[in-house]
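Heads up: the protein sequence lines correspond to chains A and B, in order. Those letters in the first sequence? Residues 1 to 313, per this note's numbering, in order. Those letters in the second sequence? Residues 314 to 410, per this note's numbering, in order.
Mixed in with the good hints, there may be bad ones.
Once the Cα atoms are required to be at most 27 Å apart in a straight line, the calculated DSSO-like pairs of lysine-lysine come out as [what the hints assert, rightly or not]: (1) B:Lys371 / A:Lys304; (2) A:Lys208 / B:Lys371; (3) A:Lys208 / A:Lys102; (4) A:Lys21 / B:Lys331; (5) B:Lys371 / A:Lys154; (6) A:Lys303 / B:Lys371.
Derived by calculation from the structure, the hints in this document are not laboratory data.
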Amino acid sequence: MTPQEENFMRKIEAEEKIEPKDWMPEQYRKNLIRQISQHAHSEVIGMQPEGNWITRAPSLRRKAVLLSKVQDEAGHGLYLYSACETLGISRSEMIEQLQSGKAKYSSIFNYPTLTWADVGAIGWLVDGAAIVNQVSLQRTSYGPYSRGMIRICKEESFHQRQGYEAILALAKGSPEQKAMAQDALDRFYWPALMMFGPHDSESAHSQKSMEWKIKRETNDDLRQKFVDQTVKQIEVLGLDHPDKNIKWNEERGHYDSSDLNWDEFWSVINGNGHCNRQRIEHHVAAHDEGEWVRDALSAYNEKKRAKKAQNAA
Amino acid sequence: MTNITEKLELFEVFVRSKRGLDHKHVGSLHAEDHEQALEYARDCYTRRSEGVSIWVVKSADICSSQEDDADCFYDPNDDKPYRHATYYVLPDPVNNM
Chain A
1 MTPQEENFMR KIEAEEKIEP KDWMPEQYRK NLIRQISQHA HSEVIGMQPE
51 GNWITRAPSL RRKAVLLSKV QDEAGHGLYL YSACETLGIS RSEMIEQLQS
101 GKAKYSSIFN YPTLTWADVG AIGWLVDGAA IVNQVSLQRT SYGPYSRGMI
151 RICKEESFHQ RQGYEAILAL AKGSPEQKAM AQDALDRFYW PALMMFGPHD
201 SESAHSQKSM EWKIKRETND DLRQKFVDQT VKQIEVLGLD HPDKNIKWNE
251 ERGHYDSSDL NWDEFWSVIN GNGHCNRQRI EHHVAAHDEG EWVRDALSAY
301 NEKKRAKKAQ NAA
Chain B
314 MTNITEKLEL FEVFVRSKRG LDHKHVGSLH AEDHEQALEY ARDCYTRRSE
364 GVSIWVVKSA DICSSQEDDA DCFYDPNDDK PYRHATYYVL PDPVNNM
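Full structure from sequences and hints, please.
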């Protein structure tokens, strides 16, 4: 190991954070860029399935809440893009990578939101799973990422609670509403579990990322946490658990559960989910349609600069 | 004799007390340029190992909102209590989310 590498590893082992101007191994930087940009893209693409329901929210209150939540997601994307930029990649490069498919985003957002109950299920289960992951990432070794996570976690609790509240209202409503809640749970439960990624043994980047403390807990450990906490939440709703094999294991102190449909997981990751193409097409279209705003902005800045220079002369 | 501080620029000083934490504003000082401000800041604000990293920023470069404007500046947020987690009343057994 070079002295630089030794110094770097000493900081990692002492639980010190790595800051943007510190020396770091190229692969550490690459792993971080991949993970943080993927996280940022997920926040931004994640606005689409929920945004789909803003105009059709069942009440003004639900609509205001949903607007606020989607607005938060845009903000979270911004925190994360900014954190990633400290590693020396530009915003436009990241957007290019998203649009060309080189960079991924969470596969959960390739599932469609068919009913209003899906919006509740996303807040409760998808944001719930994201929180489990993000709470763990507050202790990540890269300073700007860690601070971003702390800020995001503070805001995220509202997201999960509003989702659960919306689902609870349906679950306690008419038989049709209850059925709608059950259907949303049945469809979103499994993809939510897949959000934690492949089994540790199959995860390409996990080992190095754990060693460098970019990730603090393994995919399977985080998934288990989520499985455990969700059982009670389903019970309180009075809905049926989608996993018929869910069973408390006294010895492990955890719930045992069914294995996931990994063929589906890889298929969605590789672009064959219900909405993959639509999500990226929409992002490209929105980005292109915003071109005139960016043009107007730089023209205005140019004009202001020229005026300032003239006044100074 | 003109006061020397009138010729020097005012800088705001931010210190990171520990790796992983945000830089926090600790005060200001006069200096000739950024480099000098950084040295002065070290002498002035970190005599007892208060930090691991210092930022200095020209005070004139800071654009700030005015506290007198706080009412109208933040007003649109006050009528959105639903942005807070505590707004949602959930059954006790699941209230820890």
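Here is how each hint holds up against the structure:
no.: 1; hint: B:Lys371 / A:Lys304; result: holds (22 Å)
no.: 2; hint: A:Lys208 / B:Lys371; result: violated (41 Å)
no.: 3; hint: A:Lys208 / A:Lys102; result: holds (21 Å)
no.: 4; hint: A:Lys21 / B:Lys331; result: holds (15 Å)
no.: 5; hint: B:Lys371 / A:Lys154; result: violated (31 Å)
no.: 6; hint: A:Lys303 / B:Lys371; result: holds (25 Å)
Checked against the numbered hints listed earlier, the structure breaks hints 2 and 5; every other hint is satisfied.
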